[in-house]
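Novice: The primary structure of each chain is shown beneath.
There are 2 protein chains.
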Amino acid sequence: MTAPFHRTASIFDRDLAPGPANHVPLSPLSFLKRAAKVYPDKPAIIHGHRIITYADFRERVRRFAGALLGAGVARGDTVSVLAPNVPALLEAHYAVPLAGAVLNALNTRLDAAAVAFILDHSETKLLLVDRELIPVAREALSRTERPITVVEIADDLAPDAPTLGAVEYEDFLAAAAPASWHGPDEEWGALALNYTSGTTGNPKGVVYHHRGAYLNALGNAFTLNVRPDSVYLWTLPMFHCNGWTYTWAVTAAGGTHVCLRRVEAGAIFDAIAEHGVTHLCGAPIVLNMLIHAPAEVQRRFDRTVTVGTGGAAPPSAVLSGMKAMGFDVVHMYGLTECYGPATVCTPQEGWDDLDADALALQVARQGVNHIAVEDATVFERGTSRPVPADGETIGEIALRGNTVMKGYLKNPAATKEALEGGWFRTGDLGVLHPDGYIEVKDRSKDIIISGGENISSLEVEEALYKHPAVLEAAVVARPDDRWGESPCAFVTLKPALKPGVERPSEHDIIQWCRGRIAHYKVPRTVVFSDLPKTSTGKIQKTVLRDAARELGTRREAQTVL
Amino acid sequence: MTAPFHRTASIFDRDLAPGPANHVPLSPLSFLKRAAKVYPDKPAIIHGHRIITYADFRERVRRFAGALLGAGVARGDTVSVLAPNVPALLEAHYAVPLAGAVLNALNTRLDAAAVAFILDHSETKLLLVDRELIPVAREALSRTERPITVVEIADDLAPDAPTLGAVEYEDFLAAAAPASWHGPDEEWGALALNYTSGTTGNPKGVVYHHRGAYLNALGNAFTLNVRPDSVYLWTLPMFHCNGWTYTWAVTAAGGTHVCLRRVEAGAIFDAIAEHGVTHLCGAPIVLNMLIHAPAEVQRRFDRTVTVGTGGAAPPSAVLSGMKAMGFDVVHMYGLTECYGPATVCTPQEGWDDLDADALALQVARQGVNHIAVEDATVFERGTSRPVPADGETIGEIALRGNTVMKGYLKNPAATKEALEGGWFRTGDLGVLHPDGYIEVKDRSKDIIISGGENISSLEVEEALYKHPAVLEAAVVARPDDRWGESPCAFVTLKPALKPGVERPSEHDIIQWCRGRIAHYKVPRTVVFSDLPKTSTGKIQKTVLRDAARELGTRREAQTVL
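Those sequence lines, one after another, are chains A and B.
First residue of the first sequence? That's 2 in our numbering, and the numbers climb one at a time after it.
First residue of the second sequence? That's 2 in our numbering, and the numbers climb one at a time after it.
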């Protein structure tokens, strides 16, 4: 039985229209306004020895916005930033929308051609660039014919670097009249632009709005329990979905941001010890970096540090290693299109009683929609029917709610395709477990189809990661004359092996897998090498797929089995 | 400098309209949907020995909504509930909006005339009534000519009670087809109706919307740090601003609700000990009840219980007494018009180092807007200019944001007056401290104007509460032939006094105050008596004001000074 479709006027429909007293567009700008009022003298941003209080943070943001307006930036213009996690980039997360413009934080590992493409496509009016990145910025600017105002960040902690001779960021601020504080005209208004890493074709510009950022920030503050006394270390690039919206969430809570130019184990441990860090986020590579850090770099701390991670499932060895060091790993999942984390592997009562391997199986899943996401499920491919919750049937993960992007900039066809049918189709393949938890099985393109069977590269990788000599592993499809495709494993061994662990051969690795996963899933090819990674620490499977293809079609006679 | 007013079309204005994938009306219904998915087997509601899991909670809500629709309740109709804090009332917080109707939780202490007025004014279609309240319901129903369907709650824990012969709640649910789950059509749609206690004239019906309830629930979950492992004890009536929106906030977090028919010290301590309660809310009277509970009723517990309180500032003796017992008191402030708590006395670093009295001065303030409220300030009376932040200048407290009511039902004039100028004018008088914290000085009508000077009754009461023999105190204006008005104190002494404390005379009380506050603020009249209270534990100053008037105009010769 459902509510009657027919809407009759009720007494509640009369004389109760919204007005400025009871309707304010949701915007993360409200978070800074409140934090500066409640915690004016508290450190908002720590960068090396520099401390910016919340009152200073607001004042600098007002000056920055005023400077942007003075430089001719208008409502709906794009302001791009090419910088590591320095205060200027964090300040841009408030100043650019305060000026009514849209923030485009650029991936710092892009080459000049990609940067130029994005500057053009986003119709960037002003580019803020850290001096360390001037070489790529200079080349990118030479490739675009747009008139782009440039502002340079001369960060004290940056290495010596060239200059374009443009105005320096601090001078830009100092010369400006502070903008008055006001939120956006409408919460659906554009706030930020994030280009997908786009392994094929040109990257797409994902548009975020104020409402979605506000809600995703609140949802993610709740997920990791970010509180007023939290100290958040910026190991995750802010250009990655605006730092999974923690750029805004930490401010919402009134916590402290600790900036970090370079993600290195020593710098992370030092920050944890010196600044009382309670939270950090990062791709699994960050977890690996911490676990495998040399003993002289590791430092002890007397609290639990919550680590939000996403992407590939953390293997059990990584999880228990992190726990032993004092880190509590929270596994989340999301995409650029949904402001970063949309699901979280929410712990359940009873998990504490599980042994390490059983716990890892639970924790490695992508979980359930977080508090501000309306729904997350897995659809049978090409349908809007959820797969059975059997942990077996693979379908496409779909998300719905206020933290799904507005769409792709200047790309209505792609927007329509992504959002058709009232759900955002992620392109990721997964299963629904009986407890309703989602587990990612693979990106569509990462599934290996061997002899008609689907093989999840993640499952093979999990087996490889358990080998005591394996540091990192990635599995992709290699053309196979008998099976169509067969699994090809790229493996990086640990630089130093524990006593009693021998350096494995290709054959040893294959035998190891045969003891752990179904025969047809066992890699037929093993390549020992370093793994190519994206700027956000994701292994670039597209590069490995090319490498596997270059090995040529595998013939059965070649097998070492 | 401000952003240009002129809005030009930008690339972000094209092809990026909201749709069902990326825009979902905010509604607390989403919280139950998610909690039932994530925590199906977890206790959602505990009532005596009865446990309702989250899966059951959702199912019962679906049946309840189906039953309402089956009974002819349509979109925009009012469903009233007259019940203490039992599961049915909590379930109504979801089932009524799921049916598209509007929940009106009635104050259980109202007399039949007031209930009848509200049933008529709200155009109630269906009344759910706990059997203990059938006497008042019967009389109220006899006074209204509306056709109202009645459903009775036969709670296991209720005393023996009469029946109206109407359908019983559990039978009502059992016979129904479960409604399908869907949120509201629009987040601005009416969700709940809460009548003000209205000391003069008829009560006004405050209309809440889904958006405001969603945001206030998230804001208040953050304020008291309600988490998935939280256990919330229902000492605060759910009819009081929908339990300050914790009816929804606890579900949002996936915590556990513990119902409570009667607010008694023994029952509270038992629930804390037996159910692992972590949170409760209540008027200061609840704090007093816990502190003054007989030793045989008090129970120890091994955790800190967070207590949200509002209304009058807790005196320092109450705060330190609560702390010694293991309670952490959080002082909040709000009104029916803003869904309950809108400000919170957020603790600051350094407060821990203060002595008890200095800390009480800080904590007793009403504080700053919570995370989901846009702004809270104090205006010079009759203007939109904030008072100077000097802790001295009294003005009117004003609030702005998404958690301000839609307005008053069928009362556009009162709505306009309350929301005029883009702020909700609370009618409460207060000051702004240099740190931006608001402190309530009084309701406008509670200010005593004596010889042209404003006297805050709260300040006089704080002095009275410090007297070791005083249990409760309230100060109102008494007509005075010399001063116009003078302070008249109504005082309840403690039933048992500590050794060395003597029962004070009227003269002793006056001398006590002279040592603590300015001469002109000292009560000229002291009356020892019990204090009349509202159903929510607020002292009824309006009754005392009448009593003070009945004492007649005070003449200087009558003074005991």
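By construction, these hints were calculated from the structure, which means they are not laboratory data.
Values in this document were obtained by computation on a predicted structure and should not be read as measured data.
Treat the hints with care, as some may be off.
Copies of the same chain are indistinguishable here, so a pair counts whether it falls within one copy or spans any two.
Straight line, CA to CA, 30 Å or less: simulated BS3-like cross-link-like pairs of lysine-lysine [what the hints assert, rightly or not]: (1) Lys-467 / Lys-38; (2) Lys-324 / Lys-38; (3) Lys-467 / Lys-539; (4) Lys-467 / Lys-411; (5) Lys-499 / Lys-417; (6) Lys-411 / Lys-324; (7) Lys-446 / Lys-495; (8) Lys-38 / Lys-417; (9) Lys-499 / Lys-38; (10) Lys-324 / Lys-495; (11) Lys-417 / Lys-43; (12) Lys-534 / Lys-38; (13) Lys-43 / Lys-499; (14) Lys-534 / Lys-43; (15) Lys-467 / Lys-43; (16) Lys-495 / Lys-539.
Novice: Work down the list of hints and note, for each, if the structure agrees.
Specialist: Checked hints:
When the C-alpha separation of Lys-467 and Lys-38 is checked against a cutoff of 30 Å, the pair qualifies neither within a copy, at 50 Å, nor between copies, at 32 Å. Taking identical chains as interchangeable, the C-alpha atoms of Lys-324 and Lys-38 lie at most 30 Å apart only when they sit on different chains, with a minimum of 28 Å there against 37 Å within one chain. Taking the shortest Cα distances, Lys-467 and Lys-539 sit within 30 Å of each other inside one copy (19 Å), while across copies they are farther apart (63 Å). In this homomeric assembly, Lys-467 and Lys-411 never come within 30 Å of each other (Cα to Cα): the closest approach is 45 Å inside a single copy and 68 Å across copies.
With identical chains, the CA atoms of Lys-499 and Lys-417 are never at most 30 Å apart, being 53 Å at best within one copy and 75 Å at best between copies. In this assembly of identical chains, the alpha carbons of Lys-411 and Lys-324 never lie at most 30 Å apart, being 45 Å within a copy and 59 Å across copies at closest. Taking CA atoms no more than 30 Å apart as the test, Lys-446 paired with Lys-495 passes inside one copy only; the shortest distance there is 28 Å, against 76 Å between copies. Taking the shortest Cα distances, Lys-38 and Lys-417 sit within 30 Å of each other only across copies (29 Å), while inside one copy they are farther apart (42 Å).
When the C-alpha separation of Lys-499 and Lys-38 is checked against a cutoff of 30 Å, the pair qualifies neither within a copy, at 54 Å, nor between copies, at 44 Å. In this assembly of identical chains, Lys-324 and Lys-495 lie within 30 Å of each other by CA distance solely inside one copy; the values are 20 Å within and 53 Å between copies. In this assembly of identical chains, Lys-417 and Lys-43 lie within 30 Å of each other by CA distance neither inside one copy nor across copies; the values are 45 Å within and 39 Å between. Neither within a single protomer nor between protomers do Lys-534 and Lys-38 lie at most 30 Å apart by alpha-carbon distance, with minima of 42 Å and 36 Å respectively.
For the identical chains of this complex, Lys-43 and Lys-499 are neighbours neither inside a copy (45 Å) nor across copies (44 Å), given an alpha-carbon limit of 30 Å. In this assembly of identical chains, Lys-534 and Lys-43 lie within 30 Å of each other by CA distance neither inside one copy nor across copies; the values are 37 Å within and 41 Å between. When the C-alpha separation of Lys-467 and Lys-43 is checked against a cutoff of 30 Å, the pair qualifies neither within a copy, at 44 Å, nor between copies, at 34 Å. For the homomeric pair Lys-495 and Lys-539, the shortest alpha-carbon distance inside one copy (18 Å) is at most 30 Å, but the shortest distance between copies (68 Å) is not.
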